[in-house]
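Peer 1: Please build the complex by placing chains B and C on the supplied structure of chain A, with the hints as guidance.
Residue numbers (the working numbering), protein chains in the order written: chain A, 1 to 499; chain B, 1001 to 1126; chain C, 2001 to 2466.
Check each hint, because a few of them may be wrong.
[Said to hold, decoys possible] Quick list of simulated restraints, FRET-style, between CB atoms: (1) B:1124 / A:380: 29 to 37 Å; (2) B:1044 / C:2018: 49 to 57 Å; (3) C:2442 / A:87: 45 to 53 Å; (4) C:2217 / B:1018: 42 to 50 Å; (5) A:322 / C:2438: 37 to 45 Å; (6) A:158 / C:2022: 46 to 54 Å.
[To be verified] 30 Å max Cα-Cα, derived BS3-like pairs, lysine-lysine: (7) B:1010 / C:2312; (8) A:30 / A:43; (9) B:1062 / A:394; (10) B:1062 / A:396; (11) B:1010 / B:1048; (12) B:1062 / B:1010; (13) A:24 / A:43; (14) B:1062 / C:2312; (15) B:1048 / C:2312; (16) B:1010 / A:394; (17) A:294 / A:306.
Read the hints as simulated data drawn from the structure, not as lab findings.
We treat Cβ as the ideally placed atom computed from N, Cα and C, and that holds for glycine.
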Amino acid sequence: MSVVGERLQPTLFERSRPGRGGDKIPHPPKDALDRLPASARRKTPPALPEINEPEVVRHYVNLSQLNYAIDTGFYPLGSCTMKFNPKLNEWAARLPGFATLHPLAPDEVAQGTLQLLWELEGILAEISGMQAVTLQPAAGAQGELCGILMIRAYHRSRGDTERDEVLVPDSSHGTNPATATMAGFRTITIPSAADGGVDVEAFRAALGPRTAAVMITNPSTLGLFERRIGDLLDAVHEAGALAYMDGANLNAILGRFKPGEAGFDVMHFNVHKTFSTPHGGGGPGAGPVGVGDKLLPFLPSPRVLKADDGSFRLERPHERPTSIGRLRSFVGNTGVLVRAYAYLRAHGGSGLRQVSDDAVLAANYLKHRVGAAYQIPYDRPCKHEFVASAAAIKHKTGVRTLDIAKRLIDHGFHPPTIYFPLIVEEGMLIEPTETESVETLDAFADALIAIAAEAETDPDTIRSAPHTSPVRRLDEALAARHPNLRWRGMVGADTPCPD
Amino acid sequence: MVPTDLRYTKDHEWVRVAGDEATVGITEYAASQLGDIVFVELPDAGRKLDQHATFGVVESVKAVSDLFAPVSGEVLTTNDALTGAPELVNGEPYGDGWMIRIRLADPAETEGLLDASAYDALIAAG
Amino acid sequence: MLEALGIADVDALFDDIPVALRASRLDLPEPQPELELAARLQGLADRNRTDLASFLGAGVYRHWTPPAVDQLLLRGEWYTAYTPYQPEISQGTLQSIYEYESLIGELMDLDVVSASHYDGAAATAEAALMTCRATHRTRVLVSRAVHPHYRQTVAAYFGGGLEVDEIPLVADGESAGTTDLAALERLLADPDRPVAGVLAGHPNFFGLLEPMAEIGRLAHAAGALFVAVVEPVSLAVLAPPGSYGADIAAGEGQPLGIAPQYGGPYLGLLASTDALVRQIPGRLVGMTTDVDGRRAFVMTLRAREQDIRRDKAASNICTNQALLALAASIYIATLGPHGLRDVAALGAARAAELELALAAVGAPRLHPGPYLNEFAVRVPRAREVHRRLLDRGVLAGLALADIEPDDVTLADALLVCATEVTTSDEIARFAAALEDVLAGRPPIGVEFGAGAERSERPRAGAGSPR
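So here's chain A without its partners, still in its complex pose (with noise of 0.2 Å):
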């Protein structure tokens, strides 16, 4: 019934045969494990595949060809900022003085890399205006977490347990209302204004004595710098509520507004995507969060601290009461952290500037050519992404955003971000980033404007699309109601290695 197409590989368990692979580890005695009860010990060996390492290699090897990545093309992904990952950044994690480092060593051996944590949050607190960092969450998901545990600490040592809802723009990142929920808050989701930004009247009409928190994009997630946030920042501290900064945009604003200084309380660092830590497939990532004073006494534990004798130690167990405790095991992700100190002093201060200065303006230009074919819904400077709309190409000819995205895979683009932020009709969100030349971003306008011309000839074509990818659309529904998530038996040796 399905078929492993040509330049697809068969599964690691398809091309185990009895008796390949190992030779990488001497053979233990014999009676090595006679002292476990026998209870305790597996009846038989895990069916793990056995492959000669040959093949091993070939595996991922051409498993490897079968993804675009940003080494291989552009991604106009808004809200991922898809930099460069800068190889000098690979070399650095890899050094044998940080990769072999174990997390629970004495402050005395680990005095080079506790030097660069401490001053890696020096650098991310500058940016951001913020009193002090904490580089323990392992992504942004678990930095809002971390922030709004904080905020909840911070009302509750005030005596005020009253506090048990998170305001949020309907334009938020899902991560927002469900980081909410699993601190055990109310969501209150307040629409957006007709100039996409956040409406304060609306939000200050739902702020009151239950509000914990405001969790705010800035930009926002359609690209646009969010101009009262004065206002609604006051509206957030006359209720009483702390003010979270959702910092998955701090790409178009480096050295042009310090979100702390602004009136912020809280943000966390994305730093898979502003600071070019490689994405990986998915991950690792990295979260840092910054605070201002009123949640300094809740950072998480332990901090990074820097001794008279100018030495650096870990914060020892209850050295700090206050504090919310820990989110994850260890110190933090800093293999990913390593990498992002190292972008950041590569950059320095002007060159962070002009960082945002290059996505700000790629952003605009790419707009500006989109804008040819397509609708944007809002007619302003954008900052370092823009939300295009094909809702009129859809009306006209039923071809929708998800065709056209798919389409680009034939021009050989990865497609931008569809259908987000949720408050944009057949939504596009396109994110450039700093490091692309002006005529890959030409070729990405005049792709998608060529998509919007042959939807007008030939729509079914991309309806159907794509046509060159190594697999086509897939069966989604097939895949959710009848759940194949695990390999089941090894294949014998009868049935011959698909390649």
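Peer 2: The following block gives chains B and C in isolation, referenced to the frame of chain A:
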């Protein structure tokens, strides 16, 4: 034009009344908005539902929607066929894609529901 | 581009930032060209000591990673790829995640494996939350012998109205250091506070094997789910969670070919029975076909995730640890089942050697029960001994008082481990150095790491607490 022998809610549920029992499902409009339905989460038999309360969840590939009780009552049975074939909701939304059967707590509640033409007008307005 | 936009300079594009809120400049060091930056980074790396004979485990373990793993990981198509939301051009990532789910599922003997969580601690906390969602109860019990960081993480995740209670450990006798079954039974018996989940580690934090089947039976009898917190390499030789009744298994995948890196990025393992598939947070990849009938892989059951369910999502997780899951898969594929078994068995053999060597110089085991490759030894003034061993080039595991300062029963104990990379030479060195330290002999002719100053400089508290 939706079936005229049913009553409807603004949340796109339908109700077929037979004596003091009612069968509940979602409309074709709702099913097509959701797309290919992959899973339906339904309450256990015996559960008491208040009108407008959530009684379950319907999940498609790209969306999830709560199901709201159009009337109050006690759940008598649920449609087991939906476990293996959730696509029945797409294919036969008013027939084999039914979801729950309840004993009405207050038959008068059905008077307040939309009739076929009112529901048609609702979805035409978009 | 400026010309096309008809503006003179890029400042015009930032006019919408209110004047009062504009930043002046970034007060940061100047940009560094690559050559200089590389020297700076090398200098920092060199300030860490890499020359110690290490017996430190406590949740992160040294193993030999075949170079094939990292060389494959360095392919740009793997590490610079985005999340596979466009499956047509992400079959590499998607198939590798499906294979990872299958490999871990086989190791765990459980049906459903999430595409990864941040680390063992977060996976454990998510597992605990799963038990509450699935049972509609609000209380979990966690064995005191689960890793302290994991317990603290569960506590942080549970701060909003959910309860966590600790199951005490047996104090003396054959089962000392393991979960107290009688106490567990009492905790489960409270009719007003029904339990959603029971969590225990295997091996536990002290390296000891636990009576997992019994713990599971007690949990199920009380209507609670059973979560096993496990170490993946051990699963090559120990009975897996699925075989002793675990509903959910969580753990740390770092030992599967991932370097210690001072804390991460690591790999949170989370697996469950089929019955809990809609409760498991995180991404899932499944098999399907494309319009032409080709076999293909795609992220599925997505409606559970934050971008669709938003405030009703099971978890807020978005970014995961995909690249580390790939590393683990390549490691398992390269070693194979026999290689993985050899890693576990060789570690056990070295650990037995270590036990004898340390006992011979006056540091016997703290607990009598069976262990795989990690155990605690009794050493007077353990923190100070640890410090003095460091001076002699030995990282003598973890002084347990550093991670559990309030537990007086652990004040004079070191947690040590051995793996397949531990040599008999290193073991001999450790034992000899320990003998010297216990006898009060000063160090002679010891190598010092870069920048280390060995004098009687007073430090606030001996050792480095965590």
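Peer 1: Run every hint past the structure and note whether it holds.
Peer 2: Status of each hint after checking the structure:
{"no.": "1", "hint": "B:1124 / A:380: 29 to 37 Å", "in the structure": "holds, 35 Å"}
{"no.": "2", "hint": "B:1044 / C:2018: 49 to 57 Å", "in the structure": "holds, 56 Å"}
{"no.": "3", "hint": "C:2442 / A:87: 45 to 53 Å", "in the structure": "holds, 47 Å"}
{"no.": "4", "hint": "C:2217 / B:1018: 42 to 50 Å", "in the structure": "holds, 47 Å"}
{"no.": "5", "hint": "A:322 / C:2438: 37 to 45 Å", "in the structure": "holds, 40 Å"}
{"no.": "6", "hint": "A:158 / C:2022: 46 to 54 Å", "in the structure": "violated, 32 Å"}
{"no.": "7", "hint": "B:1010 / C:2312", "in the structure": "holds, 22 Å"}
{"no.": "8", "hint": "A:30 / A:43", "in the structure": "holds, 16 Å"}
{"no.": "9", "hint": "B:1062 / A:394", "in the structure": "holds, 19 Å"}
{"no.": "10", "hint": "B:1062 / A:396", "in the structure": "holds, 24 Å"}
{"no.": "11", "hint": "B:1010 / B:1048", "in the structure": "holds, 22 Å"}
{"no.": "12", "hint": "B:1062 / B:1010", "in the structure": "holds, 22 Å"}
{"no.": "13", "hint": "A:24 / A:43", "in the structure": "holds, 24 Å"}
{"no.": "14", "hint": "B:1062 / C:2312", "in the structure": "holds, 15 Å"}
{"no.": "15", "hint": "B:1048 / C:2312", "in the structure": "holds, 22 Å"}
{"no.": "16", "hint": "B:1010 / A:394", "in the structure": "holds, 27 Å"}
{"no.": "17", "hint": "A:294 / A:306", "in the structure": "holds, 22 Å"}
Hint compliance for this structure: hint 6 is the single one not met.
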